[in-house]
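J.: Sequence:
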Amino acid sequence: MIGHTIRVLQKRSSLVRPIRLMVSESAHKVVRPKDIENKLKSALSTTFLRLKDVSSCNCGQKFEAVIVSPKFEGMSLQARQRLVFSVVKEEMKVIHSFTQQTLTPNQWRDMQHDQEQHDNH
Numbered sequence: 001m002i003g004h005t006i007r008v009l010q011k012r013s014s015l016v017r018p019i020r021l022m023v024s025e026s027a028h029k030v031v032r033p034k035d036i037e038n039k040l041k042s043a044l045s046t047t048f049l050r051l052k053d054v055s056s057c058n059c060g061q062k063f064e065a066v067i068v069s070p071k072f073e074g075m076s077l078q079a080r081q082r083l084v085f086s087v088v089k090e091e092m093k094v095i096h097s098f099t100q101q102t103l104t105p106n107q108w109r110d111m112q113h114d115q116e117q118h119d120n121h
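At position 41 of the sequence shown (counting the first as 1) the number is 41 in this note's numbering, and the numbers step up by one without a gap.
Hints are computed from structural coordinates only; laboratory data are not their basis.
Among the hints, erroneous ones may be present.
Here are the simulated DSBU-like cross-link-like pairs (lysine-lysine), alpha carbons at most 30 angstroms apart as the crow flies [as the list claims (entries may be wrong)]:
1) Lys-93 <-> Lys-62
2) Lys-34 <-> Lys-52
3) Lys-29 <-> Lys-52
Please read these numbers as outputs of a predicted model, since none were measured by experiment.
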């Protein structure tokens, strides 16, 4: 693992022993939502994208995404999610949670229409 070595002293039966901990360089990185958005838009030709940082600290650890792309046509839900994760694989080394809703443009349009119908009643 690439990283920095930190020496920690641990007491054990009156002996002091060093313990080495490896801290990944990715632990020091911060994921910016704009970077994820740009990657997803570019790779998936999105027609709609909403990315929200839902971390309690608003620090880029947990995201929720709604991603609409014609590239999802004919793909299973699992295949869509694998595709999205392949686009953000570097960011996933730092992110703890990435929840995604992946839709085709037709599914998005139908969902919007259903919501409008529900709101009108």
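J.: Looking back at the numbered hints, which does the structure fail to meet, lowest number first?
T.: none
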